[in-house]
Amino acid sequence: MTTTPDRSTEIASYLAAVERHLNDLPSHIRQDLMSELDAHLTEVAADLEPGAVLRDLLGSPEAYARELRETAEVDKEPVTTRMRRKLSETAAPALAGLKGAADRYAASTGHADAAELRERLRPGWWVLRGAIAAALFVYWLSAAQYGVTGYSIFGSLPGLLLMAAVLLVCVWASMRLGAKSLEWRGRRRRWMIAGGIALVALAGYQFAWLYTASSVDLISSAGYEDDTYTYTQGQDVTDIYAYDENGNPLTGVYLFDQNGNPLWIGDPYACETAPGNPFDAPPTDEWGNELEEPTATADDALGYQYPLCAGGADGADGIAPSESETAEEQASSELPTESAGAEQSTAPAPSETPSDSPTE
Amino acid sequence: MRTGPSAFARVHYCALHGTVDCVDRSQLLKGLLDIIVLRVLERQDGYGYEILNRLRAAGFDELGDASVYGTLRRLYRAGYLSTYVQPSDSGPHRKYYALTEPGRKYLRQAREAWEDVSAKMRVLFDVPTEGRP
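One line per chain: the protein sequences are A and B, in this order. Letter 161 of the first sequence, counting from 1, is numbered 161 in the numbering used here, and no numbers are missing. Letter 10 of the second sequence, counting from 1, is numbered 370 in the numbering used here, and no numbers are missing.
Think of the hints as simulated: they come from the structure by calculation, not from any bench. Quick reminder that beta carbons are idealized off the backbone N, C-alpha and C, glycines included. One or more hints might be untrue.
Claimed, not checked - With beta-carbon atoms standing in for the labels, derived distance ranges: (1) A:Ala12 - B:Asp449: 19 to 29 Å; (2) B:Leu388 - A:Gly51: 28 to 38 Å; (3) A:Ala179 - B:Gln469: 48 to 58 Å; (4) B:Thr460 - A:Arg176: 42 to 52 Å; (5) A:Trp172 - B:Ala438: 43 to 53 Å; (6) A:Asp113 - B:Thr460: 41 to 51 Å.
The shape of chain A in the complex, shown without the other chains (with noise of 0.2 Å):
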């Protein structure tokens, strides 16, 4: 019972056939099976009955490695691992393919490889997280200030020697972090990596309407979003009037936009009076007073009624709206509260002629 040249062939065909159906295995469990394979199975062929073969006694290798497969703790690897693994396996080829770009690229500039340009480029990378970071910082800071004190720091003394100073003192701290963060490995490592793309990553967000909107004053649009138009010759548009061809001034109008959305231009809490409902607190006094009150309401599908901010009670700017039968039809027509409507139609109008031009 030895083992015969055709016996040898006949382990080598086994085995080959065998690996081609684990494959898929993990490469460590694969090389462990495969490695001590060859050996057993010579054992097993040495107590082989002369004319027998190898797979009357181990079945087909399909079969075999099937088995192998079942025995050889694949199941038991944790689901993130093995999830780890296939991505890592799935995206190594283009990995390589990047890392070989990555290096020609880096070999180009005169350099022996990606890795020695990226050490390069480290410190520069420091300088530019601190400098992001000064500027998030500034930004925020200065966004913040200027909603108490309506103070903008951009482009005063004092604004650029607190932007020198945030940045010298941002761009030494990470360029010490950086130095620090050399020796780190593994968690710590992992974590500034991600600290670094996410602060690019919110730097990009934050000043995303530097592209979108590049004319437009830098802090007034900051809590706006639709700065598209809500500008004109360089000054806010905070109110809209509209006339009919008459020159009558209307009450009550709604903008929509070519898809039919509402256009939310300016800001009816920006009125002297808070914005109220004017149907569901009926003005009580004469005409006069009653325009002090915004008479704009907001609703989802509507947008802003206009004008936002009825005021400008003493009719030299020619904005006072005066009765207008379309736009109290149209405005009780389209809300069920009725009764404000109809007060306000049949309060006495000032007697304004339509030649009122709006252009006053």
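Start from chain A and add chain B according to the hints.
Below, chain B alone, put in the same frame as chain A:
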């Protein structure tokens, strides 16, 4: 996806061995492979194919060579088994497997667990079956 082919393989295997109930038994035995192999090696060191023969002699006909070999490698990786090579008078050198101290400890624990489960199963089956509607 894997249940289909492997179930087919078991049926195929069972058909070869002429037993009907071995489909369930091989599944049952899968969970006990560690204990079975460790117990066989506790009594005496052995090499791959010889271990299989000992198992067959003990009545575990359903176990295939691949199952035993895969279990041996897994237990070896876990540190429960050690190996040494011995020349044989006929044929190639043989790789013998022997229990390590962790392996003995693991076998003790596994045995206790098995005794516990076995006793509970016994109680479970000893309860008289209620009349079904």
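Do the hints match the structure? See the list:
Taking 19 to 29 Å as the suggested C-beta distance range, the pair Ala12 (chain A) and Asp449 (chain B) conforms, at roughly 25 Å. For the pair Leu388 (chain B) and Gly51 (chain A), the beta carbons lie near 35 Å from each other, so the given range of 28 to 38 Å is met. Take Ala179 (chain A) and Gln469 (chain B): their Cβ atoms lie about 51 Å apart, and the range 48 to 58 Å holds. Distance hint for Thr460 (chain B) and Arg176 (chain A): a CB-CB separation of about 51 Å, consistent with the stated range 42 to 52 Å.
Taking 43 to 53 Å as the suggested C-beta distance range, the pair Trp172 (chain A) and Ala438 (chain B) conforms, at roughly 52 Å. At roughly 45 Å, the beta carbons of Asp113 (chain A) and Thr460 (chain B) sit within the given window of 41 to 51 Å.
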